[in-house]
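K.L.:
As a plain string of letters, each chain reads:
2 protein chains.
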Amino acid sequence: MTTASKPPTRGKILLVGLGPGNQEHLTARARSAIAEADTVIGYATYIRLIADLVTGKEVVKKAMAEELDRAIEAYERAKQGKKVAIVSSGDAGVYGMAGPTFEVLFQAGWTPDSGIEVEIIPGASALNTCASLVGAPLTHDFCAISLSDLLTPWPTIARRLNAVAYADFVVALYNPKSGRRTGQIQQAQHIFLQFRDPQTPVAIVKSAFRPKQSIEFTTLEKLHEADISMLTTVLIGNSNTYIKHGLMITPRGYSNKYDVEIGNSAPRDGEKRGISLSTGLNGWLATIHASGKSAAELAQDYRLPEAYIAAVLSEPLEADDEDSEEISE
Amino acid sequence: MTTASKPPTRGKILLVGLGPGNQEHLTARARSAIAEADTVIGYATYIRLIADLVTGKEVVKKAMAEELDRAIEAYERAKQGKKVAIVSSGDAGVYGMAGPTFEVLFQAGWTPDSGIEVEIIPGASALNTCASLVGAPLTHDFCAISLSDLLTPWPTIARRLNAVAYADFVVALYNPKSGRRTGQIQQAQHIFLQFRDPQTPVAIVKSAFRPKQSIEFTTLEKLHEADISMLTTVLIGNSNTYIKHGLMITPRGYSNKYDVEIGNSAPRDGEKRGISLSTGLNGWLATIHASGKSAAELAQDYRLPEAYIAAVLSEPLEADDEDSEEISE
Numbered sequence: 031m032t033t034a035s036k037p038p039t040r041g042k043i044l045l046v047g048l049g050p051g052n053q054e055h056l057t058a059r060a061r062s063a064i065a066e067a068d069t070v071i072g073y074a075t076y077i078r079l080i081a082d083l084v085t086g087k088e089v090v091k092k093a094m095a096e097e098l099d100r101a102i103e104a105y106e107r108a109k110q111g112k113k114v115a116i117v118s119s120g121d122a123g124v125y126g127m128a129g130p131t132f133e134v135l136f137q138a139g140w141t142p143d144s145g146i147e148v149e150i151i152p153g154a155s156a157l158n159t160c161a162s163l164v165g166a167p168l169t170h171d172f173c174a175i176s177l178s179d180l181l182t183p184w185p186t187i188a189r190r191l192n193a194v195a196y197a198d199f200v201v202a203l204y205n206p207k208s209g210r211r212t213g214q215i216q217q218a219q220h221i222f223l224q225f226r227d228p229q230t231p232v233a234i235v236k237s238a239f240r241p242k243q244s245i246e247f248t249t250l251e252k253l254h255e256a257d258i259s260m261l262t263t264v265l266i267g268n269s270n271t272y273i274k275h276g277l278m279i280t281p282r283g284y285s286n287k288y289d290v291e292i293g294n295s296a297p298r299d300g301e302k303r304g305i306s307l308s309t310g311l312n313g314w315l316a317t318i319h320a321s322g323k324s325a326a327e328l329a330q331d332y333r334l335p336e337a338y339i340a341a342v343l344s345e346p347l348e349a350d351d352e353d354s355e356e357i358s359e
Numbered sequence: 031m032t033t034a035s036k037p038p039t040r041g042k043i044l045l046v047g048l049g050p051g052n053q054e055h056l057t058a059r060a061r062s063a064i065a066e067a068d069t070v071i072g073y074a075t076y077i078r079l080i081a082d083l084v085t086g087k088e089v090v091k092k093a094m095a096e097e098l099d100r101a102i103e104a105y106e107r108a109k110q111g112k113k114v115a116i117v118s119s120g121d122a123g124v125y126g127m128a129g130p131t132f133e134v135l136f137q138a139g140w141t142p143d144s145g146i147e148v149e150i151i152p153g154a155s156a157l158n159t160c161a162s163l164v165g166a167p168l169t170h171d172f173c174a175i176s177l178s179d180l181l182t183p184w185p186t187i188a189r190r191l192n193a194v195a196y197a198d199f200v201v202a203l204y205n206p207k208s209g210r211r212t213g214q215i216q217q218a219q220h221i222f223l224q225f226r227d228p229q230t231p232v233a234i235v236k237s238a239f240r241p242k243q244s245i246e247f248t249t250l251e252k253l254h255e256a257d258i259s260m261l262t263t264v265l266i267g268n269s270n271t272y273i274k275h276g277l278m279i280t281p282r283g284y285s286n287k288y289d290v291e292i293g294n295s296a297p298r299d300g301e302k303r304g305i306s307l308s309t310g311l312n313g314w315l316a317t318i319h320a321s322g323k324s325a326a327e328l329a330q331d332y333r334l335p336e337a338y339i340a341a342v343l344s345e346p347l348e349a350d351d352e353d354s355e356e357i358s359e
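Chains W and R are the protein sequences, given in the same order.
Add 30 to the 1-based position in the first sequence for my numbering, that's all there is to it.
Add 30 to the 1-based position in the second sequence for my numbering, that's all there is to it.
In short, the hints are calculated from the structure, not lab data.
Model, not experiment: these values are computed from the prediction.
Here a beta-carbon is modelled for each residue, glycine too, at the ideal position from N, C-alpha and C.
One thing to keep in mind: the hints can contain errors.
Unchecked claim - Away from chain R, derived, C-beta distances all over 12 Å, residues of chain W: (1) Ile77; (2) Lys87; (3) Gln110; (4) Thr248; (5) Leu261; (6) Asn312.
Unchecked claim - Coverage of chain R stretches by chain W, computed from C-beta distances (three or more under 8 Å per stretch; other residues unrestricted): (7) 130-141; (8) 269-280.
Here chain W stands alone, though its shape is the one from the complex (with noise of 0.2 Å):
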């Protein structure tokens, strides 16, 4: 009987996250993945960054649009049962090798209990890494859309810069601007500038934690003269942001609840600690039921589909502490 082409051991793919690329911010389970790994794969620059602890591994650099090619290279060699990294800045989950590496391995048809196993070891993205040298830009809700339209239709992506334009996100733009691609910065900035005041403060951060780090502070109206490449993430404030002492910060909407004063941390009138706003979810459905207006109208005054606005208009209210609290006001 020939032997079945298993491997003797199980080979293994690890997708390590290498976070901004500065050795310093690699949590310690990188640095164990990568140490683990017989061979390392990744985009040359990224290689480099970690150049001193590759010594005495296989290597393979791989350029720019290669994903797939850097995946079928870490499957040949794990099905022969070898332990293969494959590293990406950032977080690989975020516009990085996770994704094609199991589009790769499913064609392959290969199963989590096929011999080889996955491991995805997280990292900070850039959205995180660049945040965190220009302040709390990032502290609402926020969003991460990739302007490269090398492999999703400008339709999309136009769609998307659009609806959270509209929606008040704190919005990071990855793979903003290349040698090829100048002109999709520009479209997001004249979607932006439809919703959002031209002083909006945006920031301009390249090779965050690196030899060549830059941070720039420019606004919506003059992002067009800002210096971009690839190596840079663009982070757009919402209509809240703002920029003091030379940092940008975005507000949590502390002032929406608290007077935000030294000593004085308590709540102000009608809102309570830990307890949804009056304009929370309770307080507005109590609001709307009582308003006595439209469901057409209801959705004019705050920017919401008619068709939502109706169908809780037709739920009855539940009556609980929480409501009755906040109705007694």
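On the provided structure of chain W, position chain R as indicated by the hints.
P.N.:
The following block gives chain R in isolation, referenced to the frame of chain W:
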């Protein structure tokens, strides 16, 4: 002459992102920042996770909804010249302590050159750590929304949920549910069901990388039955997300360009590696200019605002190499 109240040594506030709370996933800088501190302040659960790293230090444990108190206590000590680490799970800039701390500092009249240094040490946020445990759910454009209406009006939250559901983002819900707040997750489900297939995969990840870790897959339709608490992050897939072999995968759109077969990573006919898709920005602009359709018709076709379509139609097409290659196909 009486001495001014300037401390003899420069105080420091270190805003540390702990990542998921498993020490293997602390960065070297997070660990050294905690070691450097005289005092460590944080929510009791997070302090417990790093108990062995804080022996011999002053430890100030705080409860939920006491973020401003934590910031105030840090400031008071830093004014005395101490080094204070404020720890947050995940990343300090994502619904963490960075925002509240700067708010307190600014209210107190602090400036970056007034004697207290502030450093933010980034960490992997819950959306990244939870994603790493379920496969590759985030791969494409994603966002984070907090369902906590303790500080944010519900209409604002609803508007954001509506926008990202419409624009087909992968969505991470933070603070999805608590003892008091149970209606918000149901409202979120309702809003998503307006736009997304009821069978859309959802991952419920609790206590990622910690002893009581649990992962549950469900669907949008059954979301209200899932076991959700403040320890969970909810990841809602986009319209392409699927579950296979117990892994949640969001494709990056590679199948728009490549036939993902082992050994064949060549692009499909009409597409080129490293160049924008034929439906990328330049290709799309060429298409809509050539279509002869009105802005209103195109707005319907592409589900984009008519004003945006009208604006791009009014700008002349730029001819460049990339355009020529695509139009000649």
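K.L.:
Looking back at the numbered hints, which does the structure fail to meet, lowest number first?
P.N.:
6
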